[in-house]
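A.B. asks: For the record, the sequence lines run as chains A and B.
According to the working numbering, the first sequence is numbered sequentially starting from 1.
According to the working numbering, the second sequence is numbered sequentially starting from 1.
Hints are computed from structural coordinates only; laboratory data are not their basis.
Be careful, since some hints might not be right.
Same chains, same label: a pair holds when it works inside one copy or across any pair of copies.
Once the Cα atoms are required to be at most 30 Å apart in a straight line, the calculated BS3-like pairs of lysine-lysine come out as [what the hints assert, rightly or not]:
id: 1; residue 1: K122; residue 2: K375
id: 2; residue 1: K88; residue 2: K122
id: 3; residue 1: K128; residue 2: K375
id: 4; residue 1: K122; residue 2: K15
id: 5; residue 1: K196; residue 2: K88
id: 6; residue 1: K14; residue 2: K88
id: 7; residue 1: K88; residue 2: K15
id: 8; residue 1: K14; residue 2: K247
id: 9; residue 1: K128; residue 2: K449
id: 10; residue 1: K122; residue 2: K4
id: 11; residue 1: K15; residue 2: K375
id: 12; residue 1: K14; residue 2: K404
id: 13; residue 1: K255; residue 2: K397
id: 14; residue 1: K15; residue 2: K4
As a plain string of letters, each chain reads:
There are 2 protein chains.
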Amino acid sequence: MQTKVFLKESEIPKKWYNIAADLPSPLQPPLGPDGKPVSPDMLAPVFPMNLIEQEVSQERWIDIPEGVLEILYRWRPSPLHRAHHLEKALGTPARIYYKNESVSPAGSHKPNTAVAQAWYNKQFGIKKLATETGAGQWGSALAFACSLIGLECKVFMVRISFEQKPMRKVMMQTWGATCIPSPSPETKAGRDVLEKHPDTPGSLGIAISEAVEAAVTDPTGQTRYSLGSVLNHVLLHQTIIGLEAKKQLKKIGEKKVDIVIGCAGGGSNFAGLSFPFANDKIHGAAIDIIPVEPASCPTLTKGPFIYDHGDIAKMTPLLPMHSLGHSFVPDSIHAGGLRYHGMAPLVSQGVVEGLFRPMAIQQNECFRAALLFAKTEGIIIAPETSHAVAVVIRKAKEAKEEGKEKVIIFNLSGHGLMDLNGYDAFLHGRLVDHELHQDEVDAALCELKGLPLPTVNRTGKW
Amino acid sequence: MQTKVFLKESEIPKKWYNIAADLPSPLQPPLGPDGKPVSPDMLAPVFPMNLIEQEVSQERWIDIPEGVLEILYRWRPSPLHRAHHLEKALGTPARIYYKNESVSPAGSHKPNTAVAQAWYNKQFGIKKLATETGAGQWGSALAFACSLIGLECKVFMVRISFEQKPMRKVMMQTWGATCIPSPSPETKAGRDVLEKHPDTPGSLGIAISEAVEAAVTDPTGQTRYSLGSVLNHVLLHQTIIGLEAKKQLKKIGEKKVDIVIGCAGGGSNFAGLSFPFANDKIHGAAIDIIPVEPASCPTLTKGPFIYDHGDIAKMTPLLPMHSLGHSFVPDSIHAGGLRYHGMAPLVSQGVVEGLFRPMAIQQNECFRAALLFAKTEGIIIAPETSHAVAVVIRKAKEAKEEGKEKVIIFNLSGHGLMDLNGYDAFLHGRLVDHELHQDEVDAALCELKGLPLPTVNRTGKW
Chain A
1 MQTKVFLKES
11 EIPKKWYNIA
21 ADLPSPLQPP
31 LGPDGKPVSP
41 DMLAPVFPMN
51 LIEQEVSQER
61 WIDIPEGVLE
71 ILYRWRPSPL
81 HRAHHLEKAL
91 GTPARIYYKN
101 ESVSPAGSHK
111 PNTAVAQAWY
121 NKQFGIKKLA
131 TETGAGQWGS
141 ALAFACSLIG
151 LECKVFMVRI
161 SFEQKPMRKV
171 MMQTWGATCI
181 PSPSPETKAG
191 RDVLEKHPDT
201 PGSLGIAISE
211 AVEAAVTDPT
221 GQTRYSLGSV
231 LNHVLLHQTI
241 IGLEAKKQLK
251 KIGEKKVDIV
261 IGCAGGGSNF
271 AGLSFPFAND
281 KIHGAAIDII
291 PVEPASCPTL
301 TKGPFIYDHG
311 DIAKMTPLLP
321 MHSLGHSFVP
331 DSIHAGGLRY
341 HGMAPLVSQG
351 VVEGLFRPMA
361 IQQNECFRAA
371 LLFAKTEGII
381 IAPETSHAVA
391 VVIRKAKEAK
401 EEGKEKVIIF
411 NLSGHGLMDL
421 NGYDAFLHGR
431 LVDHELHQDE
441 VDAALCELKG
451 LPLPTVNRTG
461 KW
Chain B
1 MQTKVFLKES
11 EIPKKWYNIA
21 ADLPSPLQPP
31 LGPDGKPVSP
41 DMLAPVFPMN
51 LIEQEVSQER
61 WIDIPEGVLE
71 ILYRWRPSPL
81 HRAHHLEKAL
91 GTPARIYYKN
101 ESVSPAGSHK
111 PNTAVAQAWY
121 NKQFGIKKLA
131 TETGAGQWGS
141 ALAFACSLIG
151 LECKVFMVRI
161 SFEQKPMRKV
171 MMQTWGATCI
181 PSPSPETKAG
191 RDVLEKHPDT
201 PGSLGIAISE
211 AVEAAVTDPT
221 GQTRYSLGSV
231 LNHVLLHQTI
241 IGLEAKKQLK
251 KIGEKKVDIV
261 IGCAGGGSNF
271 AGLSFPFAND
281 KIHGAAIDII
291 PVEPASCPTL
301 TKGPFIYDHG
311 DIAKMTPLLP
321 MHSLGHSFVP
331 DSIHAGGLRY
341 HGMAPLVSQG
351 VVEGLFRPMA
361 IQQNECFRAA
371 LLFAKTEGII
381 IAPETSHAVA
391 VVIRKAKEAK
401 EEGKEKVIIF
411 NLSGHGLMDL
421 NGYDAFLHGR
431 LVDHELHQDE
441 VDAALCELKG
451 LPLPTVNRTG
461 KW
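Can you build the whole structure from these sequences, using the hints too?
C.D. replies: So, in structure tokens, the structure goes:
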């Protein structure tokens, strides 16, 4: 009874898959404040040109540089596991597989793109990266990557998280990064907020503004900004997950996958596993592909597909995406990585076109799923990942009712060893469910009136 | 440039290696309070008979049950890594390898024996295990194993750790275990201490006494005690580490190992990697095998080889081991897993016989090594593991000076994500070194006068 499948280093995928080449409608460009498309040159102060080229590329397959692979080899190819014991506990005829991204040194899938981004910046002659982090997973991953590649790294961490999760800061410092609470007096954006609200807990929106400002105002011109999700090139770098998984399923003798599941905050881990399977779906395979979001931040299930800003301070261009409005502040659930008002344009458009079928779940169901997973499969998963597992369990139960041998695969995006306070709250009955209702969504969206609408074929053929 | 070597599940070792069969002098038996050898029957209230049989076995190879392997497969065989980037940073001609035990769901090597012990207890009809834990690694590992195998688990956690590391408790609770601070009012041993010292921070010695009492006083007779290191059967279960490593070194083309290194607290992770290599040494191979301990708890380098108790309350039999005296309280270094007054009898005797050559290291050198490791190899290691890495770095530098292509392997016994406060202290210059001097050792040993001495050939031939 085989439990997991490894690939040799020589079997690692050598190219990333760019789904932009295969979507039925062309991807809509980001827009500037004037409503006109943002050109690559306009992004040059923020990102290095080699990553901007990836961001707008229409090439279906993009080579993974050898220098990136050499770092990914430290933990990749990651194992694919068969969840025998979860299946047994559920009494399901479904065969459940998971891709274990928790084995990376930073504990999640985030280093897949952190390493690539740091490498491209280094190639371009950049000396330092600035970024923001909420709960800390992304900041840790970028600190890790910069350490190995030889770049300075500065992380603006949302102040409330900075204070509540001091160990995340220590992780980043151990890898040599600087981590400061946001808002900070170091940027104009930060000072403006501190002047008005000296006691603010901070927000991802403010931290993004500070990190972008830190990058573009460096007088040496050698600092750039780095983002951990949402953008096309970030999702591209994560497709190594799904590409490995397909090879591993083949090795273990699975010919056909029925259901692909990933949690979705900005969209990167979901995209990483699912885009290579979406390629099969585009070419005719019947696959149910499900991004799972929190009911308290139902971007894909209740937000419209519109042009919106990526941050509260409107420092970013307008992106074509599902959004709850750039000033929407989600409920304080424990899955901090899923608390984002927007969603990756590539995932958003895939939903509009019918490739993906999103679901929203309450956090108590998620932690119940996480506890069952820990007690059967043994891994304590991140609160974000628990959203995927909750839907896996629903689908496995459906397969039992239908008596069908469904093949289900999900992305175990990270472990929860740095997030045990969420488990503590659940075990002691302190977790509160919250579902965002449509009228609240409509209210949040009022501010977006007058912004342009993307033009995408909304009648998906799948 | 290959970075790591996996084995297939089918290549996992099917037998453990029992070094007791190969030591030049026979292993000395544990003694009772009367100075007479303890018979297996006398241990029956504490351990199940199938584990007692392993404890006293002289068989060289012992089958790993299929039921144990099926659980180990969740993360084993563990990867063997080549530390290319550490080598490069050191400019050494040495080739450095490490066995990565941090990939287990509990984050360390401890589940290797936790799973085996839980499985044998289950086979013997036991319903519940009681144990103690200091920093929490062992308690987490046993909670994990009991959850998967279907046993109740109760962990007495040293009170100061229970309060300082609340997330370790949450890990255990997530896996369904009960974790209470020790001393507790639940046992006579605990009540006695609380009566005299209501504000005591607790100690491993007290916690062991409580766990043993909880096991032997269960009126149903269905509870047993479980220990995470020191005993012969515990070390036996860890030898899967070294047996896998030898297969992996062969796969990568290494014919000969020069230096084997592991940190040593009770001795189990050191033994797990090194005993299979010690077998080669016994048969003539020239290998330097180094257990590394903290300078503040120099059991092997400064303690004598004597008969001593395993706990302060003298609940355990007398064991033949290197010891600093059963009431010695080591300095509060961050490597909590290395703060033990004694050492596994098998490791102790191997030192006396010249098989192993122990070293003691200060904690600032260890954390400097850990930081270099994090910045080059990317993994944040446990403070315990940093002791091994500090000696790896010394040996790699010696190889550079000598211009020799030495092959070095060490055991990466666990990650440090639950122990980041140690890194925090180091990064902020708050770590204090402390070396225990011989006169302090001699004073601590006064209490042992009159205890019997083991009879072992002290003139090793290696």
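A.B. asks: All the hints need checking, so say for each whether the structure fits it.
C.D. replies: Checked hints:
Taking the closest pair of Cα atoms, K122 and K375 come within 30 Å of each other only across two copies (17 Å); inside a single copy the shortest separation is 43 Å, beyond that limit. In the homo-oligomer, the alpha carbons of K88 and K122 lie at most 30 Å apart only across protomers (19 Å), although the nearest pairing inside one protomer, at 48 Å, exceeds that limit. For a Cα distance limit of 30 Å, the shortest separation of K128 from K375 across copies, 16 Å, qualifies, whereas the shortest one inside one copy, 42 Å, does not. For the homomeric pair K122 and K15, the shortest alpha-carbon distance inside one copy (20 Å) is at most 30 Å, but the shortest distance between copies (48 Å) is not.
In this homomeric assembly, K196 and K88 never come within 30 Å of each other (Cα to Cα): the closest approach is 56 Å inside a single copy and 50 Å across copies. For a Cα distance limit of 30 Å, the shortest separation of K14 from K88 across copies, 25 Å, qualifies, whereas the shortest one inside one copy, 36 Å, does not. In the homo-oligomer, the alpha carbons of K88 and K15 lie at most 30 Å apart only across protomers (28 Å), although the nearest pairing inside one protomer, at 36 Å, exceeds that limit. Taking identical chains as interchangeable, the C-alpha atoms of K14 and K247 lie at most 30 Å apart whether they share a chain (13 Å) or sit on different chains (28 Å).
In this assembly of identical chains, K128 and K449 lie within 30 Å of each other by CA distance neither inside one copy nor across copies; the values are 38 Å within and 63 Å between. Proximity of K122 and K4 under a CA criterion of 30 Å is satisfied inter-copy only: 25 Å between copies versus 35 Å inside one chain copy. Only between protomers do K15 and K375 lie at most 30 Å apart by alpha-carbon distance; the minimum there is 27 Å, versus 37 Å within a single protomer. Taking the shortest Cα distances, K14 and K404 never come within 30 Å of each other, neither inside one copy (35 Å) nor across copies (36 Å).
In this homomeric assembly, K255 and K397 come within 30 Å of each other (Cα to Cα) only inside a single copy, at 22 Å, whereas the closest approach across copies is 51 Å. For the homomeric pair K15 and K4, the shortest alpha-carbon distances inside one copy (24 Å) and between copies (21 Å) are both at most 30 Å.
Consistency note: the structure conflicts with the earlier hints numbered 5, 9, 12.
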